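All chains, full assembly: derive it from the sequences and hints.
The opening residue of the sequence shown carries number 30 in this note's numbering; numbering runs sequentially from there.
Simulated from the structure, these hints should not be mistaken for lab results. Given the structure is predicted, the values throughout are model-derived calculations rather than measurements. Hints should not be assumed to be uniformly reliable.
Said to hold, decoys possible - Here are the simulated distance ranges between beta carbons:
hint, residue 1, residue 2, range
1, Gln93, Asn120, 19 to 27 angstroms
2, Thr99, Asn74, 29 to 37 angstroms
3, Asp158, Asn120, 34 to 42 angstroms
4, Pro75, Thr112, 12 to 20 angstroms
5, Glu87, Val59, 35 to 43 angstroms
6, Asn144, Pro94, 35 to 43 angstroms
7, Asp158, Asp56, 35 to 43 angstroms
8, Gln131, Ala83, 26 to 34 angstroms
All C-beta atoms in this analysis are idealised placements derived from N, C-alpha and C, irrespective of residue type, glycine included.
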Amino acid sequence: MLLGVLSALVAAACSGDDSTGPTANPDFMVGDWIAVDMRITSVANPEVRADVIASGGEFTLNVQPSGRYTAILQAFGQASTETGTVTVEGNQVVFMRTFPTQEESRATWSRNGANVVLDGPTRFDFNLDGTPEDGTLHMELAPR
Numbered sequence: 030m031l032l033g034v035l036s037a038l039v040a041a042a043c044s045g046d047d048s049t050g051p052t053a054n055p056d057f058m059v060g061d062w063i064a065v066d067m068r069i070t071s072v073a074n075p076e077v078r079a080d081v082i083a084s085g086g087e088f089t090l091n092v093q094p095s096g097r098y099t100a101i102l103q104a105f106g107q108a109s110t111e112t113g114t115v116t117v118e119g120n121q122v123v124f125m126r127t128f129p130t131q132e133e134s135r136a137t138w139s140r141n142g143a144n145v146v147l148d149g150p151t152r153f154d155f156n157l158d159g160t161p162e163d164g165t166l167h168m169e170l171a172p173r
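Written as structure tokens, this is what we have:
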């Protein structure tokens with residue numbers, strides 16, 4: 030379920046110090062980003078994985094100075110778009126999706142050079158039966 034992947038920017042533990050860590054606003058994420066790594070691993074069977082980027086998928090994220098964001102995922106012959114607002118609470122980025130449905134998701138973030146890494150739980154249809162299962166998302170976003 031691609032919408033589940035877009036909603037998947039949710040929390041897992043990560044640490045950061047004040048010099049490079051999260052702030053009270055999303056300034057560190059303002060701009061255009063593209064996923065250079067996006068892997069989803071099944072919680073029920075960790076040997077089952079979906080590597081979205083290696084499979085030809087693309088995920089882009091645009092964050093405006095106001096905190097508004099647009100995320101677009103094109104993968105597995107489908108495309109999904111979501112919009113909303115993003116804020117930062119401690120070491121977590123909080124995505125308040127407003128389209129296509131309202132939902133809050135959180136992502137613990139870290140830095141890898143200029144890139145932002147997001148890790149956390151998600152839902153994904155691993156066996157393509159129309160029912161998303163619990164998974165773990167690892168995504169690395171590079172500035173465009």
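Each hint, compared with the structure:
As the Cβ distance of Gln93 to Asn120 is approximately 22 angstroms, the hint placing it in 19 to 27 angstroms holds. Roughly 33 angstroms separates the CB atoms of Thr99 and Asn74, a value that falls within the hinted 29 to 37 angstroms. Between Asp158 and Asn120 the beta carbons are some 35 angstroms apart, a value that agrees with the proposed interval 34 to 42 angstroms. Between Pro75 and Thr112 the CB atoms are about 32 angstroms apart, so this pair departs from the stated range of 12 to 20 angstroms.
Against the hinted window of 35 to 43 angstroms, the Cβ-Cβ separation of Glu87 and Val59 comes to about 21 angstroms, which falls outside the hint. With their beta carbons about 20 angstroms apart, Asn144 and Pro94 fall outside the hinted range of 35 to 43 angstroms. Look at Asp158 against Asp56: about 41 angstroms separates their beta carbons, and that is inside 35 to 43 angstroms. The beta-carbon spacing between Gln131 and Ala83, approximately 32 angstroms, falls within the hinted interval of 26 to 34 angstroms.
Comparing the model with each earlier hint shows violations of hints 4, 5, 6; every other hint is respected.
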